[in-house]
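Chain residues, written in single-letter form:
Protein chains: 2
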Amino acid sequence: MPMSKPYVLGIDIGGTNTVFGIVDARGTVIASGAIKTKKHPVFSDYMDELYQEATKLIKANNAEGKIGGIGVGAPNANYYNGKIENAANLIWKGELNLAQDLQDRFGIPVAVTNDANAAAIGEMTYGAARGMRDFIMITLGTGVGSGVVANGQMIYGADGLAGELGHCIARRGGRLCGCGRSGCLETYTSATGVVRTALEFLEASPTVPSVLRNIPSADLTSKDVYDAATAGDPIAQSVFEFTGRVLGEALADFAAFTSPEAFIIFGGLAKAGDLLFKPMREAFDKNALSFHRGKVKILLSELKEADAAVLGASALGWDAMRAANTIGAE
Amino acid sequence: MPMSKPYVLGIDIGGTNTVFGIVDARGTVIASGAIKTKKHPVFSDYMDELYQEATKLIKANNAEGKIGGIGVGAPNANYYNGKIENAANLIWKGELNLAQDLQDRFGIPVAVTNDANAAAIGEMTYGAARGMRDFIMITLGTGVGSGVVANGQMIYGADGLAGELGHCIARRGGRLCGCGRSGCLETYTSATGVVRTALEFLEASPTVPSVLRNIPSADLTSKDVYDAATAGDPIAQSVFEFTGRVLGEALADFAAFTSPEAFIIFGGLAKAGDLLFKPMREAFDKNALSFHRGKVKILLSELKEADAAVLGASALGWDAMRAANTIGAE
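The listed protein sequences correspond, in order, to chains A and B.
So for the first sequence, my numbering puts the first residue at 1; every next one is plus one.
So for the second sequence, my numbering puts the first residue at 331; every next one is plus one.
A few of these clues could be false.
DSS-like cross-link-like pairs, simulated, lysine-lysine; straight-line CA separation at most 30 angstroms [what the hints assert, rightly or not]:
1) B:608 x B:553
2) A:286 x A:38
3) B:627 x B:601
4) A:93 x B:627
5) A:36 x A:59
6) A:297 x B:386
7) B:616 x B:396
8) A:295 x B:423
9) B:386 x B:335
10) B:423 x A:286
11) B:627 x B:616
12) B:625 x A:93
13) A:93 x B:616
14) A:278 x A:304
15) B:396 x B:335
Rather than coming from a laboratory, the hints here were simulated on the basis of the structure.
Let the sequences and hints guide you as you build the complete structure.
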């Protein structure tokens, strides 16, 4: 029996771009579009454009009436109340009534969550975590995000804000974090953390030659460090060894919490491959409890980079559709 | 309508004693008994005595045919397969087929889990966590145990071994732990951790007077440290300040994981009251993410000390009964 509503709409709201796409049950992005998040100083103007552009896309793909749910990944988006709350990376301040606003415009059930949780749901629905009931998603981007799935369910916590593993303390009294505290995991194992480590290591070993010394500090990126490490630069290689080790140590503690079947690693830094994964796996096995060693999988995300954000968000659209059908709201 | 099976049997298997009790739906222990865990070198002899004594108790209280389920809390007991696996604190080695053995003898559905998870389920069923969907139980005994409840469900993890928060690293490279690793939370915030801290502090401040110096190191207990702290001994007081701080710092990280409504603190050390809770709360608020500060509750267990172990185990008996009814096994 073909589903009467075979598609969902996934929307990923980033600080710079908003991408959206029509997705089918197998995780194929049928069509997608994008608008600039920062273009509209007023939130409702932004929502107007998003609605117009998404509606155009739906019409152009003969998907009118075929979208069963809308899923949105956005910074600080709260699954429980559907709101974006004080997102540091967005230009609109305070509380934004995102889910209700979209539902009013489209007349389709909407669910929202933060980007890392959306990625976890995407991985569970279409990616490396299919069939897993217990896993932890770790996203290594500008910051470090996470999504915890246990008993086959996304863990949102009492307030919708669970899964902030990037803000567990990796080094007590360590690097100052954007959250105002010190030593958070994301100050070490994010793209910006890699740059901080590189600058520290360069300064600590002034006599060791490194191609990174040719790049002004303010311009240095994690990509530069990766390129240098791949080319055999010893400082750059030690940066990835350190980053992988800090991450592996943290994962060992995380495993003691929910005993996951796997960690799924996603995001720009994950592309460093063995440079990161080798020291991470070694540190995990060295630091994990005996029954986790060599047993908990550490996997690379299987969502295609270009589609991942939309896919993650869209996966939540199926949840929204099911929830609406269950309570008879549709 | 009165329930046809209004009782459950709770069994708590400790290293020294095994206690068991008949419990009603309100958490009243109708009657209880105990046997010595260590008395029988052979596991089946122990099970024979346990079965005989529990059956006597059931008959003496006219509860034959009225027990709907049996719940067991035991070291290293695995909810998924019903087995005790290599429990360091028990005299029987290897795998013990605990749940199946009990079910064969009693003809009543059985569920088992470790003691800390049993305590969490007890707290959720009869205690301080009634009505909570997201909380974390922390048991401070000889070691530090924990049980994580999220979305209203006990989190067992992929292998049944979730919730080992006592083995998260509180001080990287710190004290050697019984698990073979270094710096585990339980080496600092257990009863034995308190003694280790006291001995360290006494040695580090040889000129500071303390009544604890009158007790031979090998005989010192956490109770001695508590008594001394209550009497105003400065070293003993600083031991509890340190213990509370290490625990509060750890809870701040744990909150970032599942964003619980509350932590419930249970076990011998919890009786230290404000000596422990004050520095713990201060450290939590100082180290937690901004949206957790002053918001996540830190509560003392509401299970009566004498009944707690049996109550915790018994609560799992209701689960066993429900599960059996759902799948029509009874």
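Tested hints:
Proposed proximity of residue 608 of chain B and residue 553 of chain B is supported: the alpha carbons are some 18 angstroms apart, at most 30 angstroms. Restraint check: the Cα-Cα separation between residue 286 of chain A and residue 38 of chain A comes to about 45 angstroms, which exceeds 30 angstroms; the hinted pair is violated. A hinted pair counts as satisfied when its Cα atoms are at most 30 angstroms apart, and residue 627 of chain B with residue 601 of chain B qualifies at roughly 17 angstroms. Restraint check: the Cα-Cα separation between residue 93 of chain A and residue 627 of chain B comes to about 28 angstroms, which is no more than 30 angstroms; the hinted pair holds.
Between residue 36 of chain A and residue 59 of chain A the CA atoms are separated by roughly 21 angstroms; this keeps the pair inside 30 angstroms, and the hint holds. Taking the CA atoms of residue 297 of chain A and residue 386 of chain B, the gap is near 48 angstroms; set against the 30 angstroms cutoff, the hint is violated. Taking the CA atoms of residue 616 of chain B and residue 396 of chain B, the gap is near 51 angstroms; set against the 30 angstroms cutoff, the hint is violated. For a cut-off of 30 angstroms, the pair hint linking residue 295 of chain A to residue 423 of chain B stands: about 23 angstroms separates their Cα positions.
About 18 angstroms separates the Cα atoms of residue 386 of chain B and residue 335 of chain B, which keeps this hinted pair within 30 angstroms; it holds. The hinted pair formed by residue 423 of chain B and residue 286 of chain A meets the criterion: a straight-line CA distance of about 26 angstroms does not exceed 30 angstroms. Our distance criterion of 30 angstroms between C-alpha atoms is met by residue 627 of chain B and residue 616 of chain B, whose separation comes to about 14 angstroms. The hinted pair formed by residue 625 of chain B and residue 93 of chain A meets the criterion: a straight-line CA distance of about 23 angstroms does not exceed 30 angstroms.
A threshold of 30 angstroms between alpha carbons decides the hint, and for residue 93 of chain A with residue 616 of chain B the separation of about 26 angstroms falls inside it, so the pair holds. This hinted pair checks out: residue 278 of chain A and residue 304 of chain A have alpha carbons roughly 22 angstroms apart, not beyond 30 angstroms. Under the criterion of a C-alpha separation no larger than 30 angstroms, the hint pairing residue 396 of chain B with residue 335 of chain B is consistent with the structure, at around 4 angstroms.
Of the numbered hints listed earlier, those contradicted by the structure are 2, 6, 7.
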